[in-house]
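This is what each chain is made of:
There are 2 protein chains.
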Amino acid sequence: YDCLEQDLEQYRDLPSITKDQVHIPLRGNLEISSDVIQIKKHAAEGIGLYRTEFLYLGRSAPPDEEEQFQSYCEILKQAEGDPVTIRTLDIGGDKFVPELNLDDEANPAMGLRAIRFSLHEEQLFKIQLRAILRASSCGRVRILFPMISGVAEIRACKKMLGDIQAQLDKEGISYDPDLAIGIMIETPSAVMIAPLLAKEVDFFSVGTNDLIQYFLAVDRGNEHVAYLYDPLHPAILRALKMTCDAANEAGIEVCICGEMAGEPLYALVLVGLGFHELSMNPACVPRVKRVLRQVSKQDGATLVKQLLLLSTSKEVSTIIEAEMRRRLPAIFAQPPIQ
Amino acid sequence: YDCLEQDLEQYRDLPSITKDQVHIPLRGNLEISSDVIQIKKHAAEGIGLYRTEFLYLGRSAPPDEEEQFQSYCEILKQAEGDPVTIRTLDIGGDKFVPELNLDDEANPAMGLRAIRFSLHEEQLFKIQLRAILRASSCGRVRILFPMISGVAEIRACKKMLGDIQAQLDKEGISYDPDLAIGIMIETPSAVMIAPLLAKEVDFFSVGTNDLIQYFLAVDRGNEHVAYLYDPLHPAILRALKMTCDAANEAGIEVCICGEMAGEPLYALVLVGLGFHELSMNPACVPRVKRVLRQVSKQDGATLVKQLLLLSTSKEVSTIIEAEMRRRLPAIFAQPPIQ
Ligand SMILES: [Mg+2]
Ligand SMILES: [Mg+2]
Numbered sequence: 007y008d009c010l011e012q013d014l015e016q017y018r019d020l021p022s023i024t025k026d027q028v029h030i031p032l033r034g035n036l037e038i039s040s041d042v043i044q045i046k047k048h049a050a051e052g053i054g055l056y057r058t059e060f061l062y063l064g065r066s067a068p069p070d071e072e073e074q075f076q077s078y079c080e081i082l083k084q085a086e087g088d089p090v091t092i093r094t095l096d097i098g099g100d101k102f103v104p105e106l107n108l109d110d111e112a113n114p115a116m117g118l119r120a121i122r123f124s125l126h127e128e129q130l131f132k133i134q135l136r137a138i139l140r141a142s143s144c145g146r147v148r149i150l151f152p153m154i155s156g157v158a159e160i161r162a163c164k165k166m167l168g169d170i171q172a173q174l175d176k177e178g179i180s181y182d183p184d185l186a187i188g189i190m191i192e193t194p195s196a197v198m199i200a201p202l203l204a205k206e207v208d209f210f211s212v213g214t215n216d217l218i219q220y221f222l223a224v225d226r227g228n229e230h231v232a233y234l235y236d237p238l239h240p241a242i243l244r245a246l247k248m249t250c251d252a253a254n255e256a257g258i259e260v261c262i263c264g265e266m267a268g269e270p271l272y273a274l275v276l277v278g279l280g281f282h283e284l285s286m287n288p289a290c291v292p293r294v295k296r297v298l299r300q301v302s303k304q305d306g307a308t309l310v311k312q313l314l315l316l317s318t319s320k321e322v323s324t325i326i327e328a329e330m331r332r333r334l335p336a337i338f339a340q341p342p343i344q
Numbered sequence: 007y008d009c010l011e012q013d014l015e016q017y018r019d020l021p022s023i024t025k026d027q028v029h030i031p032l033r034g035n036l037e038i039s040s041d042v043i044q045i046k047k048h049a050a051e052g053i054g055l056y057r058t059e060f061l062y063l064g065r066s067a068p069p070d071e072e073e074q075f076q077s078y079c080e081i082l083k084q085a086e087g088d089p090v091t092i093r094t095l096d097i098g099g100d101k102f103v104p105e106l107n108l109d110d111e112a113n114p115a116m117g118l119r120a121i122r123f124s125l126h127e128e129q130l131f132k133i134q135l136r137a138i139l140r141a142s143s144c145g146r147v148r149i150l151f152p153m154i155s156g157v158a159e160i161r162a163c164k165k166m167l168g169d170i171q172a173q174l175d176k177e178g179i180s181y182d183p184d185l186a187i188g189i190m191i192e193t194p195s196a197v198m199i200a201p202l203l204a205k206e207v208d209f210f211s212v213g214t215n216d217l218i219q220y221f222l223a224v225d226r227g228n229e230h231v232a233y234l235y236d237p238l239h240p241a242i243l244r245a246l247k248m249t250c251d252a253a254n255e256a257g258i259e260v261c262i263c264g265e266m267a268g269e270p271l272y273a274l275v276l277v278g279l280g281f282h283e284l285s286m287n288p289a290c291v292p293r294v295k296r297v298l299r300q301v302s303k304q305d306g307a308t309l310v311k312q313l314l315l316l317s318t319s320k321e322v323s324t325i326i327e328a329e330m331r332r333r334l335p336a337i338f339a340q341p342p343i344q
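So the sequences go chain by chain: X and G. Residue 121 in this note's numbering is what sits at position 115 of the first sequence, and the numbering runs on without skipping anything. Residue 219 in this note's numbering is what sits at position 213 of the second sequence, and the numbering runs on without skipping anything.
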């Protein structure tokens, strides 16, 4: 891509709109608070994934409500009216509650983590929910629950949110009553029941990294099976399609926030699948925007139909690469840098 | 169930046929070779799942071809013409190849195991395939590959089988040229691409224990998340339905061999989903047969349609229990013993 670097600068202030006039917001993932600078630099439209873990890690006690509230408000101020999707704590449960004795978890990736941990440690969870709700009066907050696997879990989350809202009302503390509620789609069960979950929430956010891991039963950190970890596996395409179809039928937003979202080679496919927003490492925004402005959603849908007929990821990647080279030879002339 | 124990005896020699005349073979799972006695005792129709692990575990070197061949033939002889489904090695890779250094696997359930290990250790795998092929001349063998996640894997297995068959031809060693080839459906990806996989094989065998684990991202051995492990989760019902539909559309057999298969309460649902065979702990055969002979596949299909509209496993289990109590009050009068 080297020779095209200067070319990218021109996309900074252009809108992220396809040739057939579909606006696809490109948002930034926020891992640590200083990432805000990158988000500004690359003109991402707000924050599609604010990972709150960084507030909790590397310290002996979790941050209290006031500290969280301040941190969220600080980011919201810097987002200047763009939406900020705050994801509740997404870590293993052993980080702050050693009494849980999770050392014996043989497969922690399928253990007490993320929303399971939050629902288990209600007090810790309520503090975070209160801080997020209070922050929703400082800007456009959307709240996102990680690793939902069933309807009962999201209902439990909504119940707690409702209780805290009632409490805030009583205390006369303001918050956004229309706060959008979303869930990560990353467990295979969430994909299977996406039409049921779509009735419960305002938006989906697909976390492709975990989604691929669980669908293929391939630990994404395990080098011995790395050869099987494959975003273009026909099963993954079908899972993404089912999720987008369910969201679009229910009329709710569907965003993608895993590593796939930042890969320019996949941009046409993702728009064709029906994603409304992509959230990525902010540095990827200009490259993805450059591609999006030169393709149409309609062409993406046609390509997806063709891909869904294929049996292996090798066939899928061959077609995608050929198609993108044909459409945008200046960008995809070389095999993509991995 | 206690008061009904004598009643069960009468089912021993009756065929496993529904009221609408559909024959649903009930087969036994074989964990160790002595289980054959139980299979005879309870009149299971052959062996739906022969776990070959027991030949390999608890010893320093894997069994050689001749030993495996003898073991398989011994079981086949005892099966007296009933089919025996032999599953290739389904364990973690560290058992015989310590050089692999799999101790560092953070989540071994999503690591180098089962078919991944076999395809990695070709020599070990070829010995087992040769032994199974040779044994296929002693009885009705079906071969089953565990933990398939994509089309490329099953094609690799079939290629190796073909090569070994050619070699056996050259050596003048006999085997069953029509040996049925099947795969376990237990990874979520296999479910998603079931129509593609159905084109590659003669039968599916659904391993519900792992299927539930991977779909829900819940380690089935982890007590902290045991409350989430749920056979009646709406996502699981949908996964089973997708698998059965794909098999039935392709005209191949679909069997179920996880713990769900041995639960009398689920028998009507499983038949309604479209399973052709159930394989279980042989001791469960009489109870499941008693239920099957008093229900119809048609009623099962109607019940399944109703269940697929529900949002939570609680709703699903409530309907199933009410339905089974209504149909067979003498059997399901009490809440089922867990
Ligand atoms: Mg995740
Ligand atoms: Mg298994």
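Hints were generated in silico from the structure; no laboratory data involved. One thing to keep in mind: the hints can contain errors.
As the list makes no split between identical chains, a pair holds if one copy fits it or if it spans any two.
Stated by the list, open to error - Each computed PhoX-like pair below joins lysine-lysine, with the alpha-carbon atoms no more than 20 Å apart:
1) Lys247 with Lys164
2) Lys176 with Lys164
3) Lys46 with Lys132
4) Lys25 with Lys303
5) Lys303 with Lys47
6) Lys132 with Lys25
We went through each hint and held it up to the structure:
| no. | hint | in the structure |
| --- | --- | --- |
| 1 | Lys247 with Lys164 | neither (26 Å within a copy, 30 Å between copies) |
| 2 | Lys176 with Lys164 | within (18 Å within a copy, 67 Å between copies) |
| 3 | Lys46 with Lys132 | neither (31 Å within a copy, 57 Å between copies) |
| 4 | Lys25 with Lys303 | within (8 Å within a copy, 53 Å between copies) |
| 5 | Lys303 with Lys47 | neither (27 Å within a copy, 63 Å between copies) |
| 6 | Lys132 with Lys25 | neither (45 Å within a copy, 54 Å between copies) |
Consistency with the previously given hints fails for numbers 1, 3, 5, 6, ordered from lowest to highest.
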